[in-house]
Amino acid sequence: MSALKRHYVLIILAAVLLLLPLVLPNNYYYDIVIRMAINAILVLGLNLLIGFAGQISLGHAGFVGIGAYASAILPTHFGWHPLLAMAAGAAIASAIAAIVARPIFRLKGHYLAMATLGLGIITAIVIKNEAAYTGGPDGMPVVALALMGFEISGEKKWYWVLAATLLFSFWAARNLIDSPFGRALRALHGSEVASQVMGVDVVRYKVAIFVLSAFFASLMGSVTAHYIGFVTPNIADFFHSIELVTMVVIGGMASIYGSLVGAILLTALPQALSTFEGWETVVFGAILMFCMIFMPRGLVPTLARRFGGRESEGD
Amino acid sequence: MLSQFLQFLFSGITVGATYALAALGFTLIYNASNVINFAQGEFIMLGGMLVFFFMQSGLPMPLAILLAIAIPALVGIALEKLAIEPARDAEVVTLIIITIGASLVIRGLVQIWLGKGAHSYPAFSGSEPLHIGGATLLPQSLWVLGITALVVVALWYFFSRTLAGKAILATSCNPLAAQLVGIDTQWVLLVSFALSAALGAIGGVLLTPITLTSYDVGIMLGLKGFVAAVVGGLGSGLGAVVGGLLVGVIEAMAAGYISSAYKDAIPFILILFILFFMPRGIFGAKVTERV
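Chains as they are written, first to last, in this note's numbering: chain W, 1215 to 1529; chain R, 24 to 314.
Hints may contain errors.
Rough simulated footprint, nothing fancy, chain W against chain R, three-plus residues with beta-carbon under 8 angstroms [unchecked claim]:
(1) 102 to 115
(2) 265 to 278
(3) 281 to 289
(4) 293 to 301
Non-contacting residues of chain R with respect to chain W, defined by C-beta distances greater than 12 angstroms in every case (computed) [unchecked claim]:
(5) L29
(6) Y53
(7) A62
(8) G131
(9) W179
(10) F181
(11) A201
(12) T208
(13) I242
Read the hints as simulated data drawn from the structure, not as lab findings. Built from N, CA and C at the ideal position, the CB exists for glycine as well.
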């Protein structure tokens, strides 16, 4: 594939991101787009784990929570620079992921789902209970993010920061998938035994991708905390984890742009459903079931197969 | 000291029995279809909420209880027929999301129908506590334990002595071989979903007079039931029962002696430790018979 063809979706995405501010009428819409971008990056990291390595995490919001609360607590209570706090959060999340991953990745399927689920719930409960530092269930305010005296605040500035981050993430993920590392991941999703025979260190790769996705989750947790300026324990709870997994699956497992589509749709859905007063949960659940029953492979792969006939890995 | 210990033990076993019933439900469906049914907790919630609703509408308690077990069983059948069966060949994550979608639908409907408030109904045979060794034991706890024991024995009989039970066991061992000897595996799936929904509902019906119920109790109860199933070794019936009681007792002890604020975290800390040191659960490796 030529570079242009390889990256044409990325180029379209860049163009859309450049032109979008011309049509966004007010800050409300900026806000929705920013949330979509944050979710898209999070989901991309999770999709690398679920879609490409075939491992389920039902506790990813725990890592998001660790990042968010590191950015909230360290600058407020200990006077750390927000960037340092962000790095510390990502380091803590990665370290926890690494420690937990080794023994767990010897297990398969549902046991891993259980372990990650437990990890996420424990994180959420710790955040709720340590009220002296975290503000408990009510949450706490987060200081603004400043880089060399330049403060990132307001929807417009955040939009450009996240647009750039989004593009970079998708470019990086695309390259990662096409690297030997990405090929190893896809191989072990296909058949662990076969990839082991081919010399892939299965456990090492699984741990690496889990740590990487935890790292991303924590960073985006920090970004969310700074953007909103306030954190509550909801960011780490089971529902948020489920939301993220759902975005991966609805968009399409092992589909990079599926992550984007899943994030956009499921971020917009609650806004659209707010007209259903009281029925949001029911409608949301019904849509989930409906999508999964009729498009078990997710939107992007299903549509790509129907219209393009072209089935290229990773698109 | 002893009385305190007994008190924690009683409350642990009582809650643990409910976890055990939920864990048995997870196990049944897992064995029949390899699906982890995240809607299991909603059946527990449905059990309690439906008894409350029917008694409020004037039905006598026994009839209310019967309906509160039968209706979730029908919901379980509908879930299998309408959602799981059409997606049979999908990946594990996809099936998990379908059951999560189902749990949202059930929870949402109950919230609209019966509101967000907490509900309860009187215990089956009075609430005059019994005094044992300085600790108090509610009569309802005896109901919980007695009925759970009955259910476990009935299940054991069903799976080891009846043709239908053996057909389910055969399907969980090897669906293709089961089909070849003439077992209707579709039917097995339906029965498994109905049975596990009924088990969850029984747990909810029994526990509600002690703990109250509301539209959102299903999440935590269900997740802890899942923990119990994994503690015992996913797929093992005996493991599910032992796992349930163990999780209940450890949770009550830790809440009593260490920190009640972290009560809900304890089963999950326990499961991490067990997965680290006994990766297949307590009964996962040794027990070959699967319920």
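Hints, verified against the model:
1. 102 to 115: Three-residue rule met by the segment 102 to 115 of chain R, so holds; n is 7.
2. 265 to 278: violated (count 0)
3. 281 to 289: holds (count 4)
4. 293 to 301: holds (count 4)
5. L29: Holds: least Cβ distance 27 angstroms, greater than 12 angstroms.
6. Y53: 8 angstroms, violated
7. A62: The claim breaks: R/A62 does not keep its Cβ more than 12 angstroms from every Cβ of chain W (closest is about 10 angstroms).
8. G131: Contrary to the label, R/G131 does not stay out of reach of chain W, its closest Cβ about 3 angstroms off (not over 12 angstroms).
9. W179: 24 angstroms, holds
10. F181: 25 angstroms, holds
11. A201: 22 angstroms, holds
12. T208: With a cut-off of 12 angstroms, R/T208 remains clear of chain W, as the shortest Cβ separation is near 20 angstroms.
13. I242: Given that some Cβ of chain W is not farther than 12 angstroms from that of R/I242, nearest at about 7 angstroms, it is violated.
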